[in-house]
Amino acid sequence: MTGQTIDTMEELVTQLIAAHDGGARISAVAESLTPADMAGVYAMQDLIIARLGPVGGWKVMAGGQGEPICAPIPANRYFANGAALDSTRHGFIFPEVEVAVTLGQDLPAGSDAAAVEAAIASLHPALEMVASPFVDRDAIAHNVKLGDLQSNGAVVLGPVLDGAIRSELSTLPVTLLFDGVESTAGASGANWSDILAALGWLASHAAARGLPLTAGQVIITGSRALGPHGAAQSIEGRMGAWGSVTAAMRY
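Residues in the sequence shown are numbered consecutively from 21, following our numbering.
Be aware that a few hints might be false.
Each pair of labels, with its calculated beta carbon distance range [stated by the list, open to error]:
{"hint": "1", "residue 1": "E202", "residue 2": "E31", "range": "38 to 44 Å"}
{"hint": "2", "residue 1": "G206", "residue 2": "G250", "range": "15 to 21 Å"}
{"hint": "3", "residue 1": "D126", "residue 2": "G200", "range": "36 to 42 Å"}
{"hint": "4", "residue 1": "G130", "residue 2": "G183", "range": "21 to 27 Å"}
{"hint": "5", "residue 1": "Q85", "residue 2": "V180", "range": "28 to 34 Å"}
{"hint": "6", "residue 1": "P179", "residue 2": "V201", "range": "40 to 46 Å"}
{"hint": "7", "residue 1": "G236", "residue 2": "S208", "range": "36 to 42 Å"}
Rather than coming from a laboratory, the hints here were simulated on the basis of the structure. Nothing here was measured: the structure is a model prediction, and the numbers come from that model. Where is the CB? At the ideal position from N, CA and C, for every residue including glycine.
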């Protein structure tokens, strides 16, 4: 924390949680507290989620190279479409437009693609609000940010999408708008098979951490458009004619 030395991982976790909720920003993290590998990253995440739980869902990058990277998201960081969020208090720095899935049933370890697909109740547009609890985020080691629940600050969940969107996901047109003005756009991302594979991997990974995927959880599957929102009062993530998700920012 600014002006205070952080000596233990427990102290770091305490200060991260506080900084995400309006507390003082952290200026530095000692190398001795920086996770050396992904096992350390996930151990750090587990300490945080044990304090913030229950788990409301996860973030996982579908369609990437190699093994996915993930993080649990506490239930109290999920918000309904159109929610008003305090950007300053929670240190939001930019939104990401993502495809989210809601599970309609538990998804155990070892689930194959057919079992994953059967467990998915619905798809949604979502905004993930990336947040920084640090004075200078660029000065903080990457593995610390991964351990900090991959910089998750909030998720705003949009309405249910028509299931036919599944065949269009790889070329889905996505636009991010601030106060009604287009900021960034994209037209590529994980396809349906990529998402099923990522969720199958996540089911086993989460169960091994004692945090199994359960009915009602919402999983976001990777950024499709992002950009710093500055002082924008309104944020919208639009998925072509399929639907959109919005959030109102307070400062």
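These are the hints, each one checked on the structure:
no. : hint                       : result
1   : E202 with E31: 38 to 44 Å  : 43 Å, holds
2   : G206 with G250: 15 to 21 Å : 20 Å, holds
3   : D126 with G200: 36 to 42 Å : 40 Å, holds
4   : G130 with G183: 21 to 27 Å : 25 Å, holds
5   : Q85 with V180: 28 to 34 Å  : 31 Å, holds
6   : P179 with V201: 40 to 46 Å : 23 Å, violated
7   : G236 with S208: 36 to 42 Å : 30 Å, violated
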